[in-house]
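Fit chain R to the known structure of chain D by using the hints.
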Amino acid sequence: MSLPISTAWAIARRDLNARFRGLRLLLVCIFLGTAALAAIGTLTNAIERELASSGQELLGGDLEVEVWQRDLRPDERATIAKYGTISSGYRMQAMASTPDAAAPIELKAVDAKWPMFGRLVLTDGRSVGAPSGTDAWIAQTALERLGIKVGDSFKVGTVTLRAAGIIKDEPDRLSEGFQLGPTIIVAQDIPAKAGLLQPGALYQSKHRIAFADPARDPEAIEDALTKQFPTAGFDIRTRDRASPGADRFVRQMSDFLTLVGLAALVIAGIGIAGGVSSYLDQRRSSIATLKVLGATSGDIVRIYAMQIGVAALAGSIAGLVAGVAVTPLLAGALQGLLPVESGFIIAPGALLLAASYGLLVAFAFAAAPLLRARTFPAMALMRSGIVPLARDWRALIVTGIGLAAICALALLTTAQPMLSGGFLLGAGGALVLLAGLGWGIQTLARRLPRPANPLLRSALSNIHRPGAPTGALVTALGFGLAAFVLLAAVQSAIDGNIAQRVPKEAPDYFVLDVPRDKEPRFFALIQQDFPKAAIRTVPTMRGAVIAYGPKDKMVRVADLKEIPEGAWALRGERGLTYADTLPQGNSLTDGQWWSPFHRGEPLVSVDARFAEAVGLTVGDYLTIGILGVERTARVANIREIDWESMGFNFALVFSRNAIADAPHNLSATIDLPEGADTAARGRLLRALVKEMPSSSVIEVGGILVEARKLLQQVSLATLAAAAVTVLAGLAVLMGAIAAARQARTYDTVMLRVLGASRRQILLLQLAEYGLLAAVLALVALALGGGLAWVVITQLFEFDWLPDWGEVLGVLGLGVALVLAFALAGSLPLLRAKPARALREL
Amino acid sequence: MTSPSLAISARNLTLTLGSTASPVTILRGIDLDIARGEVVALLGPSGSGKSSLMAVLSGLERASGGSLTVAGADFTNLDEDGLASARRGRIGIVLQAFHLLPTMTAAENVATPMELAAMADAAPRAIAELEAVGLGHRTGHYPTQLSGGEQQRVAIARATAPRPDLIFADEPTGNLDAATGEEIINLLFARRAETGATLLIITHDASLAARCERVLTMADGVIASDTRPALAAPA
Chain D
1 MSLPISTAWA IARRDLNARF RGLRLLLVCI FLGTAALAAI GTLTNAIERE
51 LASSGQELLG GDLEVEVWQR DLRPDERATI AKYGTISSGY RMQAMASTPD
101 AAAPIELKAV DAKWPMFGRL VLTDGRSVGA PSGTDAWIAQ TALERLGIKV
151 GDSFKVGTVT LRAAGIIKDE PDRLSEGFQL GPTIIVAQDI PAKAGLLQPG
201 ALYQSKHRIA FADPARDPEA IEDALTKQFP TAGFDIRTRD RASPGADRFV
251 RQMSDFLTLV GLAALVIAGI GIAGGVSSYL DQRRSSIATL KVLGATSGDI
301 VRIYAMQIGV AALAGSIAGL VAGVAVTPLL AGALQGLLPV ESGFIIAPGA
351 LLLAASYGLL VAFAFAAAPL LRARTFPAMA LMRSGIVPLA RDWRALIVTG
401 IGLAAICALA LLTTAQPMLS GGFLLGAGGA LVLLAGLGWG IQTLARRLPR
451 PANPLLRSAL SNIHRPGAPT GALVTALGFG LAAFVLLAAV QSAIDGNIAQ
501 RVPKEAPDYF VLDVPRDKEP RFFALIQQDF PKAAIRTVPT MRGAVIAYGP
551 KDKMVRVADL KEIPEGAWAL RGERGLTYAD TLPQGNSLTD GQWWSPFHRG
601 EPLVSVDARF AEAVGLTVGD YLTIGILGVE RTARVANIRE IDWESMGFNF
651 ALVFSRNAIA DAPHNLSATI DLPEGADTAA RGRLLRALVK EMPSSSVIEV
701 GGILVEARKL LQQVSLATLA AAAVTVLAGL AVLMGAIAAA RQARTYDTVM
751 LRVLGASRRQ ILLLQLAEYG LLAAVLALVA LALGGGLAWV VITQLFEFDW
801 LPDWGEVLGV LGLGVALVLA FALAGSLPLL RAKPARALRE L
Chain R
1 MTSPSLAISA RNLTLTLGST ASPVTILRGI DLDIARGEVV ALLGPSGSGK
51 SSLMAVLSGL ERASGGSLTV AGADFTNLDE DGLASARRGR IGIVLQAFHL
101 LPTMTAAENV ATPMELAAMA DAAPRAIAEL EAVGLGHRTG HYPTQLSGGE
151 QQRVAIARAT APRPDLIFAD EPTGNLDAAT GEEIINLLFA RRAETGATLL
201 IITHDASLAA RCERVLTMAD GVIASDTRPA LAAPA
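The listed protein sequences correspond, in order, to chains D and R.
Mapping of the first sequence onto my numbering: residues 1 to 841, in sequence order.
Mapping of the second sequence onto my numbering: residues 1 to 235, in sequence order.
Don't take each hint at face value.
[As the list claims (entries may be wrong)] Pulled a few chain R residues facing chain D out of the computed Cβ check, cut under 10 Å:
1) 52
2) 55
3) 58
4) 61
5) 80
6) 86
7) 88
8) 93
9) 111
10) 113
By construction, these hints were calculated from the structure, which means they are not laboratory data.
Cβ coordinates follow ideal geometry from the N, Cα and C atoms, glycine included.
Chain D on its own, in the form it takes in the complex (with noise of 0.2 Å):
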């Protein structure tokens, strides 16, 4: 007959300690997991909620077209105003300047009714809507570079303007994207007056609709739109997705964070079960107790199940509590950076989803000891406490149902199910790979000779007896330490690819707009000061793929239902040029270049991947969209592109004759000798602002230092984040020490008895972890390093650039912990006196 559940509980309450000792590993490792998931759950449910319902503020409208190198003509306006009130802009690199300064920026040009939606929120408190006249809200950056403050004045192409207020916040900026310097606001008539919308200018004219009727489907306008207007160059946004880079952003952190937190639990999950075992040796008096009083197995197991579950509850809602108590710090590290709120979030499916983790860990983990816990005859326990507890497969089963829940819940909630499945099938065989390490290690340890001395006869064979945690040990140490590698490898090529790649090879400007009658002058500007200045120009101007294909058989883009994976090049307008040679860092794979002097059909050149995503080869057709005049050209060649170079690639590279007769200007890079002087940097920007006023100059340090600090924020989150995984690590790795010491306890103490030093003891303590912390260091750097790797170059798409001088340190700082407490945890009892420890054993 099964004891009441009343009976179990009034059993189980009883023998529970209120401060949870013995379950204390437990807990944390619950906690901590749950915290991390809570944390992470919270934070990306407040950004993605953000991002949704303040769609209209971020876009600044319910939908936006935009539209290069032209205003809208009179019948797109017509058509598009017939859906509800219009708001018209420009927005454009160019460059700001005073008799002594010149900087790039960013222009915005805004009509009046701008901004639709939100506010624009000045330093001082103002709130206010666009501009008018020449005044200009200016970004504090902007301000600096100039050397001026609010009041003063500074130009703009040939337009003097006022500097009449410091921009704090901007309704729609994440909309915008990345930004290419400081943004300054103007009024919509400014960039006219400026000379910066000349014919093949490269600017982009923005127009946001708010819709007459708010009901209407975004999407259902943007398909209507597309169709009327298959050949304009729109490229169109809805307030659902204002901010796609937004959302893939977070959509990539939310996935690599979960992995973080999945990571944490199932480092938890080994926590769990080496203390849940732990916790249930210590408990074998006290089962055994119970069946001599007529306690079944089954009886046995619900009781002690209880008191593990209020254990994973307790930890579960302290993880809970800690999670929602730190996302304002999370948070507050993605300022600027995310839109989310400020304080408490509580995101209620997020909180449920990390409970649910924290349970089923508890649960699939604390299955396989509770179940051969309740197998054990009651006179075998109490006959002698080294005997391990039979092995129950039924603790498989039981096992493997729960960390299958675990794997469903992981795959039905992540955005990438393959990524996430990959990687618990990694965690899953890395596991196995340890527990069979261990089985290795100790069959090892069992064939080797004995050895003569005493003490490393004792050091081998507490690896391989009856009951020696060996297994536990070398999951826990192999894991807890694959774990600190994969984050160093993780934060270290993030670094790396940050610091290390694009320095080398990035030019030092980026100059749009160049006047192609001013190219002489252009050169002569730049060497003047820099004589070995290496420049290159390169014609430019903006377009959409209309259509490609065979000649009789060619597929408009408009008709497609989807975009084909990697066939990037037809979403919107691009950078289109003409070359007479074949470009710079390109290297043909099929076909010819034509000759500079090419007058017959206008040809293509076209990047390898895409030509290979949507089937194009050599013979086929591509039709592209320039001002809204449809250009057709016969592929030539198809190119493969070095994109890592870092100077002008261009998908669609096209013959001299096919497009040269658009409007348009040069783009250039500048790459200035080492140790150019800033004086002279600064002359050479003035000069050109001065010179060729339409101009506008890219700093690419500057975006380095934007991307950095961006990328710098990210990492602090992913970090803090990352620590909860350390922090899991360091408890097993504890856990798991303690205990193992508790094991060793009996004999320090009989080899103190029987004649053995404090010094002996302490080198049989390094001899055996120093062993084991050696091959699992190995391990821990195949296992670690391989799951980084898929992190960095699979989820995140970076290049593989780990330092491994920093890998290696984290490894060797976790061995170093390793050794440092199992030879702390010794100490006590080498203190005492042999006798006295005797009496207390």
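This is chain R only, laid out in the frame that chain D set:
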């Protein structure tokens, strides 16, 4: 069929432990009948099988062969859970090392077997039982707060509280000094007399054995002798 007057009936009882590669036979074909209410001492040198015989008779260990009926229940084919269930309310056990539950008070320790047997009023009965063994003032104390003698009293109260048919005591005074041991034995006998239970005691103490109605001496896994001290007393 077993006689209802028998508390224990064992036929050809064997117990083999260890691996199949190197088995160790502890009990070698024990035949034994113990009447209800008998007080039996079990003597023998270390390794003779006394504790193992008690373990099998009390259902703590499954016999490897033979048949066994205890308090009317057939123990022969029961598994571990079956034996545990069979022990409830039927068998009380007192062990040398006391084996109280360290995280429970004296009263909770005594109440536990009654709760396991789904007996009503476990808590007040536990208090009453502790008062009967002279520990009415220690009901809320934990085992670590009790002396060795007090712990064994609690163990006795725990064993007798459910009013079992049988009480097994394995060297109940082994961890106690002589004076305390004497008190414990007197208490055990007194409680047994009040409850009318059958008592089987393992002991090395010849004087204790002399107080029992029957003395079984074990040697090398078999019952070497079965005497009744009262009958053996000189005329």
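Check each numbered hint against the structure and report the violated ones by number, ascending. none
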